[in-house]
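Quick note, the sequences are listed as chains A and B, same order. For the first sequence, my numbering assigns the number 1 to the initial residue and increments by one for each residue that follows. For the second sequence, my numbering assigns the number 1001 to the initial residue and increments by one for each residue that follows.
In case anyone wonders, no lab produced these hints; they're calculated from the structure. Treat the numbers as computed from the prediction; the structure is a model and nothing was measured. Do not take every clue at face value.
Claimed, not checked - Under the rule of at most 27 Å between Cα atoms (straight-line distance), these lysine-lysine pairs were calculated in the DSSO-like manner:
| id | chain 1 | residue 1 | chain 2 | residue 2 |
| --- | --- | --- | --- | --- |
| 1 | B | K1290 | B | K1313 |
| 2 | A | K177 | B | K1270 |
| 3 | A | K32 | B | K1102 |
| 4 | B | K1103 | A | K100 |
| 5 | B | K1102 | A | K100 |
| 6 | A | K177 | B | K1123 |
| 7 | B | K1313 | B | K1270 |
| 8 | B | K1072 | A | K169 |
| 9 | B | K1098 | A | K185 |
| 10 | B | K1123 | A | K187 |
| 11 | A | K100 | A | K169 |
| 12 | B | K1146 | A | K26 |
| 13 | A | K23 | A | K185 |
| 14 | A | K23 | B | K1123 |
| 15 | B | K1098 | A | K32 |
| 16 | B | K1112 | B | K1002 |
| 17 | B | K1198 | B | K1312 |
| 18 | A | K23 | B | K1313 |
| 19 | A | K185 | B | K1072 |
| 20 | B | K1154 | B | K1002 |
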Amino acid sequence: MTFKQKINDSPIDFAIEIINDVKNSKDEGVLKCVQCGMCTSTCPAAHHSDYNPRDIIEKVLAGDESIISEENIWNCFYCYTCHSVCPVGNSVCEVNQILKQIAIAKEIGYDKLYEYLGFADSYFTAAIGAIPERFFPDIGQDVPGWWNFRQNLEEIRNELELDSLMPSKEVIDEVSKILTITGFKSKIERIRASEEVEK
Amino acid sequence: MKDLPTEDILLFRSCLVSVEYPGVEASTKFVFDTLGVDYAISEKQTCCTGLGHYSDVFNQIDTSAIGARNFKIAKEMGRPNLVMMCATCYAINKKSVKLLNKKDRLRNHINKLFEENGLAHLKYEKNDLKPTENIFHVVDILYAKKDVIKKHIKYDLSDFTIATHHGCHYCKVHYEDTIGGVRNPNIMDELIEECGCKTIGWYDHKRATCGTGFRQRYSNPDLSFTATADKMNAIEDEDVDILVHLCPNCHIQFDRYQDLISKREGRNFKAIHLNIAQFIALAMGGDFDKVIGVKAHTVPIDSVIKELKEVKK
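Using the sequences and the accompanying hints, generate a full structural model.
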């Protein structure tokens, strides 16, 4: 492959950006990668698709930022198998999540979030992470009896003597406020506006 | 091994347990009560954000700010030991505690936002909680009470072929804290043994993902179900009757989609799916409807467990 960046001209800016990301818990792990391929050989997404975790780190270390636009990075299962077997303590799974957040910040990854905005809505309105309703018809079709079960959920919970599912208004308000001040709410609004434009 | 608490516990409510397998919560409470574990639940605690986080909708600051609020609730209740029923809640909360302690920039930023917006009561001080000392999964607590499980067992489930599925977000994310093995996970096998049963132990793909993959199940169903089929085939090859879980996300993937994957693979997968707390509660005599919550299951529990045999005293 062609390296866009050599170690001696503008050293490892892209890798440093990832190391400095708040999500990174592996210190300078990404720089320690020896390209052994243990990650790829144990990865379920690599086994069943063109996703290649070893290749991701190779590109990061080469300063090849085009990786954030690659369709394949969205195939990671977040199973952390690569993270758990890496002999030098790197985590491609974490690097992958950081790359996606960079893609989202650059508005490249917005379309990947459209289907999942329901998670944001349920957290704002009920402080709970419910499976987005737009998936319900598919689940109803794939899982016999599921819709019926969900209709009877309250009754089943009562039989199990569990507390109410819904948090109080006070709790929901506090949580909504947190997600407003972190910038989450305005980000979701921008993504939703982008979806409207595409429709 | 790390110290394992059996008191001052906040049992952390999980969104998926609440709406998909509420019997996991009822069974956990039943088993904790039987074993004398000191715990409470808080109506103020909210979901960890995990499903949204791993669908890339929530970024770290959102998740850790919500985490800080939940950690404060636990501290104020005098219950600094957070115990999770879901592997993803466990991984998410442990990571937030690690980051909030280690990354001054993140902690200071969140605290400043709290302070400027009338939420100063939620501020997180460095080392308010410790990732290893305060963040646990239910299996850790059961492991601490391992030696007393045996004397509360009412039913003998040893005639069934039992296997375990350990859940990536318990075993692989914070592997330094995982009890019972990471590459060959065994904590649930050990707990099941205390119920007088022997699991099949290792099987092909034992440590593999359930295949959910968060967004994969919805955006890439073929990829997701192909990975699940790897594991389901391996389980059927071993003629497994009961697959025991520790994560509601895996539980959904196997129990809800077993029928669909059976058709895809042209095989008749027959295993029923129980959370470890449900399995132990069942062995301890928990009621099918009032404790185990079998009505929430897609693969009927009575398709395998047709009658219960009392343990010979």
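We went through each hint and held it up to the structure:
no., hint, result
1, K1290(B) x K1313(B), "holds (26 Å)"
2, K177(A) x K1270(B), "violated (47 Å)"
3, K32(A) x K1102(B), "holds (21 Å)"
4, K1103(B) x K100(A), "holds (21 Å)"
5, K1102(B) x K100(A), "holds (23 Å)"
6, K177(A) x K1123(B), "holds (14 Å)"
7, K1313(B) x K1270(B), "violated (31 Å)"
8, K1072(B) x K169(A), "holds (19 Å)"
9, K1098(B) x K185(A), "holds (25 Å)"
10, K1123(B) x K187(A), "holds (24 Å)"
11, K100(A) x K169(A), "violated (33 Å)"
12, K1146(B) x K26(A), "violated (33 Å)"
13, K23(A) x K185(A), "holds (20 Å)"
14, K23(A) x K1123(B), "holds (20 Å)"
15, K1098(B) x K32(A), "holds (22 Å)"
16, K1112(B) x K1002(B), "violated (33 Å)"
17, K1198(B) x K1312(B), "holds (17 Å)"
18, K23(A) x K1313(B), "violated (53 Å)"
19, K185(A) x K1072(B), "holds (23 Å)"
20, K1154(B) x K1002(B), "violated (30 Å)"
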